[in-house]
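*Asks:* Single-letter residue listing:
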Amino acid sequence: MSGKKLELAPDRFFDPDPAQRRLAVELYEAAAEMPLICPHGHVDPTLLSDPEASFGSPTQLLIIPDHYVFRMLYSQGIALESLGVPRIDGGEVETDHRKIWQIFADNFWLFRGTPSGIWLTEELVNVFGVNEKLTGESAQRIYDQIAEKLATPEFKPRALFERFNIEVLCTTDGATDPLDHHKAIKASGWGGDVRPTFRPDAVVNMMMAGWRENIDALSKISGVDIGSYGAYIEALENRRAYFKEMGASATDHAAILATTAELSMAEADTIFQNALRGAITPEDSNRFGAHMIMEFARMSIEDGLVMQFHVGSMRNHNPVVADRFGADKGCDIPVRSEFTNNLRPLLNEYGNDPRLTLIAFTLDESTYARELAVLAGHYPALRIGPPWWFHDSINGMRRYFDQVMETAGLYNTVGFNDDTRAFPSIPARHDVWRRASADWLAGLVVRGMIDMGDAREMVIDMVYRLAKRAYKL
Amino acid sequence: MSGKKLELAPDRFFDPDPAQRRLAVELYEAAAEMPLICPHGHVDPTLLSDPEASFGSPTQLLIIPDHYVFRMLYSQGIALESLGVPRIDGGEVETDHRKIWQIFADNFWLFRGTPSGIWLTEELVNVFGVNEKLTGESAQRIYDQIAEKLATPEFKPRALFERFNIEVLCTTDGATDPLDHHKAIKASGWGGDVRPTFRPDAVVNMMMAGWRENIDALSKISGVDIGSYGAYIEALENRRAYFKEMGASATDHAAILATTAELSMAEADTIFQNALRGAITPEDSNRFGAHMIMEFARMSIEDGLVMQFHVGSMRNHNPVVADRFGADKGCDIPVRSEFTNNLRPLLNEYGNDPRLTLIAFTLDESTYARELAVLAGHYPALRIGPPWWFHDSINGMRRYFDQVMETAGLYNTVGFNDDTRAFPSIPARHDVWRRASADWLAGLVVRGMIDMGDAREMVIDMVYRLAKRAYKL
Amino acid sequence: MSGKKLELAPDRFFDPDPAQRRLAVELYEAAAEMPLICPHGHVDPTLLSDPEASFGSPTQLLIIPDHYVFRMLYSQGIALESLGVPRIDGGEVETDHRKIWQIFADNFWLFRGTPSGIWLTEELVNVFGVNEKLTGESAQRIYDQIAEKLATPEFKPRALFERFNIEVLCTTDGATDPLDHHKAIKASGWGGDVRPTFRPDAVVNMMMAGWRENIDALSKISGVDIGSYGAYIEALENRRAYFKEMGASATDHAAILATTAELSMAEADTIFQNALRGAITPEDSNRFGAHMIMEFARMSIEDGLVMQFHVGSMRNHNPVVADRFGADKGCDIPVRSEFTNNLRPLLNEYGNDPRLTLIAFTLDESTYARELAVLAGHYPALRIGPPWWFHDSINGMRRYFDQVMETAGLYNTVGFNDDTRAFPSIPARHDVWRRASADWLAGLVVRGMIDMGDAREMVIDMVYRLAKRAYKL
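Chains as they are written, first to last, in my numbering: chain X, 52 to 524; chain W, 52 to 524; chain Z, 52 to 524.
No wet-lab data here; the hints were simulated from the structure. Since the model is a prediction, treat every value here as computed from it, not as a measurement. Keep in mind that the hints are not guaranteed to be accurate.
Here are the computed lysine to aspartate or glutamate pairs in the DMTMM-like style, where the Cα-Cα straight-line distance is at most 25 Å [as the list claims (entries may be wrong)]: (1) W/K55 <-> Z/D512; (2) X/K55 <-> W/E77; (3) W/K271 <-> W/D354; (4) X/K56 <-> W/E508; (5) W/K55 <-> Z/D502; (6) X/K55 <-> W/E508; (7) Z/K380 <-> X/E389; (8) Z/K56 <-> X/D512; (9) Z/K237 <-> Z/D95.
Pair by pair, the computed Cβ-Cβ distance ranges are [to be verified]: (10) X/R507 <-> Z/E508: 54 to 62 Å; (11) W/R520 <-> Z/T332: 56 to 64 Å; (12) W/E77 <-> Z/N367: 54 to 62 Å; (13) X/Q111 <-> W/R214: 54 to 62 Å; (14) W/T186 <-> X/L308: 51 to 59 Å.
By construction, the Cβ of each residue, glycine as well, lies at the ideal position given by its N, Cα and C atoms.
Build the full structure now, drawing on both the sequences and the hints.
*Replies:* Right under this line is the structure:
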């Protein structure tokens with residue numbers, strides 16, 4: 052009745068050397084008990100605002116919304132329509148969730164050795180109690196097993212939030228979001244600590260579709276009539292105050308390049324007025340964006356919100372997919388990044404001010420040792436975010452530890468964040484980080500670079516304290 | 052009579068951890084039995100077209116034609132003339148092969164820990180049965196031993212082809228090559244599967260010396276009077292059809308930059324007509340080259356030939372050497388590469404079409420994790436070639452596995468190719484890949500990231516199936 | 052009375068695998084006996100010219116002058132004033148050395164796992180015999196212990212020079228330095244071999260503050276009236292001859308970019324005359340700098356001085372710190388580098404001449420495998436310097452071995468230099484290199500890539516012979 056046995060090795064992801072592994076296990080066990088701090092991610096707050104919310108079918112939970120999963124299937128020639136990914140035009144896509152699940156299971160071997168494969172496997176075993184490998188043969192049995200679990204109260208989002216031992220979870224929310232779901236969570240009396248994060252990209256990036264409408268929405272929700280750059284800044288500050296009141300401790304900003312540059316009020320206003328009139332060039336939009344990053348740093352110094360800066364992702368590289376299925380469909384591709392020159396204006400102006408915490412994330416690992424570790428090892432305001440996106444993996448973490456820590460020092464990093472919209476994958480992602488951290492520290496101990504006393508402190512810093520402190524949680 | 056003993060450790064290149072090594076040996080043993088698939092390389096087909104062809108002296112076999120070998124000696128101040136490398140002007144160079152061999156042996160310690168050192172050692176032991184280290188002292192004894200073997204029928208190229216268990220070997224051939232040697236091989240009734248590969252660089256790159264003459268040769272051999280861009284395209288398609296008829300399954304294209312961009316027919320024709328008249332600028336040549344890469348992708352979709360794209364080698368960096376000794380003399384130096392922006396026009400136009408297989412090779416490892424793995428993990432048409440040239444080494448492979456596989460997935464890679472003109476080094480090169488693959492997989496198993504069932508499949512994929520499938524062999 | 056015990060593991064920094072570690076220990080023991088060759092560094096020669104010179108207090112020795120140390124404290128919000136770093140304007144800073152030491156000790160945990168932490172710990176144990184961990188609690192006891200030692204004759208700089216077994220130490224000295232301290236050392240009859248290195252940046256870089264005054268100083272000390280480019284070259288050659296007479300075997304040159312380009316005499320003179328009149332543009336300064344690198348290569352061919360080229364550090368990134376505390380205060384940040392194109396003019400002109408030894412240093416590790424290893428594996432004149440600055444660490448060395456050695460070959464590298472102004476850290480820095488080298492070689496042996504006979508030669512090459520040979524010491 053059952054297929055190939057599926058088990059997770061208790062000492063998985065640790066170096067095979069017995070001496071290092073023994074220490075890694077000891078360090079991991081201490082780390083594994085700590086609650087999860089989730090300071091950055093993309094969980095939909097509606098899952099938690101409605102106590103009766105549910106995840107839907109196994110396919111709705113694990114495949115349709117997860118671009119990590121369907122990008123790999125797509126890369127091997129499987130149409131997104133056949134995976135039930137909704138089309139923008141409402142056109143036909145597969146709706147039989149068992150059929151989609153079967154395609155996924157038939158091709159699950161494509162994920163061998165990938166982080167998605169590891170997270171999915173951990174979810175199957177640890178969240179859903181599956182004990183056979185997912186293959187074409189076992190597909191429907193496993194579907195049944197997950198579907199059955201998902202129908203029970205123990206598998207409602209709030210129940211999993213508690214079971215996962217999440218101490219705090221931050222969502223990511225547009226500047227114009229009324230945060231009704233966060234209000235509902237607070238009002239519900241449920242004890243889960245769920246906080247918004249202020250992400251104003253859609254009202255900053257003038258080339259983004261809908262910018263003009265977003266400014267109107269910002270006007271409306273802030274009650275500030277945005278006819279000038281000054282009013283725009285006022286409206287943003289107003290929204291930040293509201294987010295902060297709602298529990299936010301951080302903001303988040305994305306850009307292809309890390310460029311920062313201060314404009315005069317007059318220049319900023321001219322560009323802004325032009326943009327309001329629809330007369331914006333890519334150059335002006337970029338200059339304005341570079342300026343706004345500096346403005347947001349100034350605001351952070353004033354209101355104390357921690358500033359996250361995600362650099363280097365070219366969005367919607369593939370217009371065929373983006374036009375048909377929309378944004379966040381696996382066609383965001385990293386580009387080379389530069390921080391030493393680009394961050395200089397911001398760091399010169401605000402980087403010596405310890406009231407600012409600027410957390411930089413990169414998709415260009417060549418900047419780890421060359422630029423970010425050195426900058427963060429000097430400027431009081433700068434910290435380096437954990438390995439991001441494609442680098443949130445065993446090897447990605449190993450490269451990060453290898454290339455960042457010696458120069459930046461552990462204490463200029465900020466622990467881990469899971470950055471996911473796939474709620475049930477949260478524990479698996481943190482577990483990978485915890486194991487990778489324990490293994491890295493065990494490697495330092497067994498090489499005589501630190502002692503176990505240090506390592507025991509450091510592992511708790513890495514999985515709990517650093518994130519909490521950096522994000523002021 | 053004999054010098055320092057030379058032996059190959061049976062478990063060489065594997066991690067020293069006993070648990071990992073045990074698994075690596077098991078996986079390697081399965082891989083070692085598979086025939087060699089050689090989908091890309093530079094073996095001279097005349098070695099195989101004439102049943103009586105021979106390799107000449109040990110020096111002719113191992114030193115004079117191998118720029119991997121003489122570049123290292125040259126870097127330490129040994130003149131290429133003293134190594135018998137022929138001069139373009141026919142000027143005097145060393146002709147005493149024993150004397151050259153002696154210089155090589157005296158300096159063989161320079162190759163300690165290098166891939167060339169490893170390949171040469173493997174050849175000495177496994178191909179020629181040498182069992183003492185190559186030093187100044189042992190030089191002439193080993194020369195005798197190799198020379199004696201080379202004089203026997205067992206050491207004719209075809210005999211070695213069979214002994215090496217080569218299932219298929221693809222050569223690399225200019226667009227104007229009549230493929231007479233491939234015809235002769237077919238006609239000879241010998242069973243070896245030797246196929247041409249269509250490499251049109253010399254009729255595409257307008258700045259390359261001889262381009263005009265090459266166009267004339269293309270006219271002649273295709274029977275198409277190339278007076279226009281349209282006729283040029285027709286001639287190329289004609290040659291591709293001929294190559295395909297002769298067994299070719301792939302094309303190959305080289306460029307310093309990965310730029311792709313579509314020109315209008317009118318623009319392409321203008322540049323082409325100018326070039327015919329000798330009025331070409333580097334800018335126009337680059338634009339034309341970027342356009343032709345897209346044209347070749349279109350042709351590949353139509354005729355099914357797999358498209359290889361080798362990016363990032365600056366040819367003949369050292370004019371002192373290039374002017375005296377010609378091309379391919381060890382003075383090709385990599386430059387930084389960029390794929391996310393540069394391949395975008397091509398991928399947007401053709402990258403969603405699963406009929407296209409575009410295999411990208413890079414010499415810039417910083418593009419592995421940042422660009423290529425992400426692009427190949429999304430676009431159905433794109434695959435990543437194995438570690439190329441200077442990275443075809445134990446560490447180069449380890450870095451490739453580390454940086455490519457988690458994001459691209461193994462199944463968006465294409466196995467191995469030896470890319471060599473040094474025919475007797477083929478088994479040594481494949482053996483390094485097989486051992487590195489087995490060790491990488493053993494490392495995943497021992498860390499609980501995959502199980503042995505997966506690893507046993509994956510190792511055969513890596514050493515046999517992936518190349519065969521990607522190249523349609 | 053004593054705090055947490057502090058011990059150095061005898062087999063520290065070696066791989067935990069018992070087989071590899073056993074071999075590493077054997078190789079290390081052979082290496083550890085060799086004298087120290089220090090061909091590049093920033094030790095103040097006054098420490099050695101005056102037999103009675105002393106290091107001052109523990110704080111003066113280990114904190115105030117060491118930007119590796121205070122940059123990390125500064126990055127965590129500790130003011131440089133509170134660490135006693137002198138201000139340019141002579142303004143008030145902390146002068147109580149025990150108080151500064153206490154801050155350092157309270158925060159010493161910030162250095163966990165960093166090279167600075169490792170060097171400092173090694174100095175405490177091996178130079179000063181400290182056997183408890185440095186913490187806030189143990190701070191003043193350890194201060195007493197070091198201060199007591201520093202007051203004894205055994206801890207004078209010359210005594211430590213001998214105890215450290217330094218065979219030769221090269222300082223770094225401006226072109227206008229009279230080298231009086233080197234003269235005094237020679238005249239004193241003391242046997243220590245201390246040599247100057249010719250570093251002309253301050254008379255080359257026209258944008259550097261004080262360039263005009265430095266030219267006057269150069270005029271004066273060389274006795275050449277520098278009214279023209281020709282006279283300038285003559286003055287430089289004159290100084291090189293003097294440095295050589297004083298024992299110098301090398302020069303050193305720094306640049307943000309590796310650009311090299313030859314100007315005509317007329318162009319060079321025009322730019323030079325403009326600069327003398329204070330009419331210099333950044334572009335002209337860069338062009339002149341690129342030209343002078345080529346000129347210095349020509350001079351090196353003529354006078355035999357080895358040429359060092361340090362590329363990629365943006366100096367004084369943080370003007371707030373630089374304006375208040377001056378240069379070399381931890382705010383130098385690396386930028387991306389390029390060598391293939393930039394070094395081409397120089398290498399084409401002089402790179403085939405084995406009389407030239409050009410040693411290139413990079414802070415951009417992405418250039419190791421892609422550019423420098425390939426260039427040095429071809430051009431007879433080019434060698435690759437050891438991992439520099441932020442990369443002079445266990446992981447930095449491992450990445451260097453991994454990415455440089457296969458392609459360049461060990462024999463196109465130049466061993467180690469400690470590059471430090473922190474005199475008592477010299478043995479610790481060499482020890483890290485020796486251990487890392489032994490471990491790397493042991494890893495090759497245990498993987499069957501070289502044999503122990505080779506490894507025993509290579510380890511002595513790496514810790515002694517290569518540096519001595521490359522720098523002609």
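*Asks:* All hints are to be evaluated individually against the structure, with a verdict given for each.
*Replies:* Okay, the hints, checked on the actual structure:
1. W/K55 <-> Z/D512: holds (21 Å)
2. X/K55 <-> W/E77: holds (21 Å)
3. W/K271 <-> W/D354: holds (22 Å)
4. X/K56 <-> W/E508: Roughly 17 Å between the alpha carbons, so the hint for X/K56 and W/E508 holds.
5. W/K55 <-> Z/D502: Holds, at roughly 11 Å.
6. X/K55 <-> W/E508: holds (15 Å)
7. Z/K380 <-> X/E389: holds (23 Å)
8. Z/K56 <-> X/D512: With Cα atoms ~23 Å apart, Z/K56 and X/D512 stay inside 25 Å; holds.
9. Z/K237 <-> Z/D95: With Cα atoms ~15 Å apart, Z/K237 and Z/D95 stay inside 25 Å; holds.
10. X/R507 <-> Z/E508: 54 to 62 Å: violated (42 Å)
11. W/R520 <-> Z/T332: 56 to 64 Å: holds (58 Å)
12. W/E77 <-> Z/N367: 54 to 62 Å: The hinted range 54 to 62 Å holds for W/E77 and Z/N367, with Cβ atoms some 57 Å apart.
13. X/Q111 <-> W/R214: 54 to 62 Å: Hint holds: Cβ distance 57 Å, inside 54 to 62 Å.
14. W/T186 <-> X/L308: 51 to 59 Å: holds (55 Å)
Hint check: a violation occurs at hint 10 only; the rest are consistent with the structure.
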